[in-house]
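Enquirer: Each chain is listed here by its residues.
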Amino acid sequence: MPRLTPENVRRAKEIISRYPRPRSALIPLLHLAQEQDGWLTEDAMEDVAELVGVTPAQVIGTASFYEMFKMEPVGRYVINVCTNISCLLLGGETLLQHAEATLGIKPGSTTEDGLFTLEDVECVAACTEAPCLQVNYRYFYRVTNDDFDRILADLRDGDLSRDIPEHGILSRVPQRIPTGKVANITPPEDQRVPVWIERAAPDKAAAGGDEA
Amino acid sequence: MSEAPADIEITDPVTITLDGRQVVVQRGALLIDACERNGVYIPRFCYHPRMRPVGMCRMCLVEVDTGRGASLQPSCMLQCSSDMVVDTQSDKTRKAQEGVLEFLLLNHPLDCPVCDRGGECPLQDQTVGYGPGETRFVDEKRHYEKPIAISRTVLLDRERCILCDRCTRFAKEVAGDPLIDFQDRGSRTQVNTFPNQPFASYFSGNTVQICPVGALTAEPYRFKARPWDLEIVESSCTTCSVGCRVTIQSSRNQVLRCLGVDSDPVNWGWLCDKGRYGVEALNAEGRLGVPLGRGRSVKTDDETALEEVSWAGALRTAADAITSALDRRGPEGVAVIGGARLTNEAQYAWVKLLKGVIGTDNLDAQLGDGIPAEIVLGLPLATIDDACRPGSTTVVVSGDPKEELPILYLRLRHAAVQDGVNLIEIGPKAGGLTPYATVAMHPLPGELADLVRAVVGGGAGGAVAGVDPASIERARSLLADTDGEMTLVVGRRSLSEDTGFTADAVSVLVSAYDKVRILPALRRANVLGALTMGMAPGVLPGRVALAAAPDAYSTRWPALPAGRGLDTTGILTAAAEGRIDTLILLGADPLTDFPDRDLAERALAGARNVIAVDQFVNDSVRLAEVVLPAAGFAECAGTTTNIEGRILKLEQSTTPPGTARPDWMIAAELAAELGSDLGLDSVEQIWKEIAELSPSHVDLTWEMLSDPQNRDGLVARGDPLPGSVRFEAPEPTAHRALDSYSLRLVATRKLYDEGTMVGRCRSCAGLAEETALAMNPHDFERLGVEDGGRVTVSSKRGSTVIEARGEAGVPRNSVALVVNAPNFDVGTLIDANDAVNEVRVEALQSVAGETGSEGGS
Ligand code: SF4
Ligand code: SF4
Ligand code: FES
Ligand code: FES
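Protein sequence lines, in the order shown, are assigned to chains E and C.
According to the numbering used here, the first sequence is numbered sequentially starting from 1.
According to the numbering used here, the second sequence is numbered sequentially starting from 1001.
Please note: incorrect hints may appear among the correct ones.
No farther apart than 27 Å at their CA atoms in a straight line, the calculated lysine-lysine pairs in the DSSO-like style are these [unchecked claim]:
id: 1; chain 1: E; residue 1: 70; chain 2: C; residue 2: 1172
id: 2; chain 1: E; residue 1: 70; chain 2: C; residue 2: 1141
id: 3; chain 1: C; residue 1: 1146; chain 2: C; residue 2: 1224
These are computed hints drawn from the structure, not numbers from a lab.
Please put together the full structure from these sequences, using the hints given.
Expert: Right, here's the structure in full:
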């Protein structure tokens, strides 16, 4: 399975340098890994672990919390059909059924040609345009069954490839952040922590004013 | 297994109202602990007094009024402040507890009848005590494959997990091995490892012990017993010399498991896996239950196999061997190595027999792999708490405590991470403590004392012993900031380096700082007891120097050795030269454990008679004329001494196999066979004699040691007294300067090795890893070696072909090998009489295909 490419390791290090602590860069690096392979391979997660100085178990623990990080290979296009309340009322469920029938798969699975993964999702915050769907997180509004077929055809023909990159690519043009521009927050060790963490120093808790 | 909070001294009192009663508590203490200290137990799952609170389970909700009206608050997350009003019994509290339990049980399978935790399960107990009695949930519960192995010994039934974060917190916060973590989200949240990366922590067994449900179970104990069938005694682990408190749990005369007991000065409830599962060796195949001998003849040319003999015959043979040695050469003809496995009482009995009856001083409990006894006996001892005193500075000049004394490592790690203790690590190469040390320095073998002189003296500013000047300066300033009070953890850095360097370094430190105390990092079970009881040349029980023996010894003992005898290296050298007639192995396997394999082999061949007292037939015992089977851990009572000099009670749990008997009894019977009466007839009476004779134990009565109040043990007097063995600054040990071809050899230990006990313990056997030749990647190019490539490593003693591996923590110009590894015995390269062992390394020319190698390039 692919590891991070040398170019991505270089980008990873640049990202890490913008944070007060390497492990703060965990999520951006997971996006980087997913951009490379379309999903998070075990090897890539191990690389990320090494880069930010945590164990692979901690990386997968964090990654698996997030729906958008894929722990298994997905299609080139991930289609999310919204079935939450607004969309449901305006035909989201029918749309999903149509999608299932057209693609011949159930939500959570990928077509045999590796092109499409179908998912049903909770509200994606486009309720005014219900029913809606996303392809690789790019929106399509008020989608009818015919619209759906057209979108599929366009995706197959490559007519949408300008707007919709492969799964994993959040933006084609990586953000240019001037060097030296860092996530300018206080390093964790200098932050005022909630009092209960400081068990060893109860006098600080007292300063919190319980006596006053 | 109690998880009660440690007692504290109230330094900043506040008064709170607890269930209508006014109680004084420490300001800032967690409410859950303060209540428990005042007799009110609040149910909980996630909170553990030895870990940071996380508020995961909400079981500890109680009604608290801090002046803003009563509300439910998790008592494990709340610090005590003045005038808090706490109601742990209110309707609201009660309803909250019922609600939390109903929720926790939604997905819980309730398979108690087939669950190992049944009968001792906090979830069971608290459901009975605080639960609603009924559930309203009628739907299908969550299902998982059950169980999955997250390590060799830990199994996980994910559907039983209540997500309390205890195991994961332990792994990260206490063990420093975050190899398990929560995965997924919501109702699918589960504890798991990274695929194919097991929870291979030396401390994994603790997670089973603290899991509040049956989600984590120990493979060795699974389905073995029910808690109500177990007989439980409290004792101390004697796998290494930390002396962790344990309960030994047995059923039908078989030890089934050991659990950690929270001893505040020692182990805080934790155990390492080697200690926890070490009891498996007791019932292992090959355990000796009858004496073995070779018929009636003392070593003849025709070496018959060892066969079962009677005790009377075995003792007769042993006594004859000793008598003939005495006849031929006098007391010096008898020598003994080993004894660190014994209880204090057995050690005393053997020392009395050897030094007081036979009159030999050729006795050493260390196998040439420790440090000079004078460092341990001639300097004031520190406790683990001293080494971990918040804000202090502790210097560690030893091998890797994580590999040798695991729970000491946990304590030091905690001290460094959470209590601001500055660790100055001066190890042979980077090890377990390195990431937590304020300064980590890894001087080249042979240059330890030079480095320590540079640290103490400050000055020139260049690199010393391969250590960069910045680290030296940092260490110097840390030490200058102490008030002279400092704990020095001293152990054997490397088996291929003379201990003279360590002694030299220690003497530099004790003369530079006035209040240095020593915490010996010696690993063998009761080695401190052995040294204190006189199992070293020139020493009598109570740290007393043989040369200054008070009258009490000569009046109570029939004889005393004429003069200082030999240590293990000396004994083996003498045996190899034919000067030892009878060599007694007291639970020792020099062929495996003595650093110099060649010398050990020559010694065992050169001794006329070898007598072994042991639990198993190991490589050395196999060569004995007669083998006397000894009772093991949990099979005899007594006391042990841990690295701090703490005397801890050992209780008997099961009976020894066959006719194996306690070591002290063997000494007494051997004495009788020799026509002498040791006058020792019970453990208690032996202790009494020790306390009467030994200046270190003078105030410690058996009654005090047996008092449940003193279950943490009592620290024997740790300061040298007049007449004690003295630590003198040694002559600096000489060694050659490094030439450009040679590399210095470092030989260090791993927790799991090919030793007798690890191999006999089912859960640990096979965990010993193969050793590679570790070297600093910077040395690769110079030597033409590649990472992962095969090399020939040779010393004047021998050579082998082995894989080279880059390890940045190995000092440049040295190479490191692991002792007692399954694939290679580094002892075949070591000459114990060399101060520094040098080796040469040559890359093997890589030969394409499967053709025979062409040897060194
Ligand atoms: S496995 Fe046990 S200790 Fe770990 S989170 Fe689950 S219930 Fe808690
Ligand atoms: S650290 Fe030592 S005493 Fe403690 S459990 Fe492990 S082996 Fe036993
Ligand atoms: S319900 Fe579909 S976008 Fe909000
Ligand atoms: S014990 Fe307080 S929330 Fe779990």
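Enquirer: Does each hint hold? Answer for all of them.
Expert: Right, here's what the structure says about each hint:
| no. | hint | verdict |
| --- | --- | --- |
| 1 | 70(E) - 1172(C) | holds, 25 Å |
| 2 | 70(E) - 1141(C) | holds, 26 Å |
| 3 | 1146(C) - 1224(C) | holds, 18 Å |
Violated hints: none; the structure is consistent with every hint.
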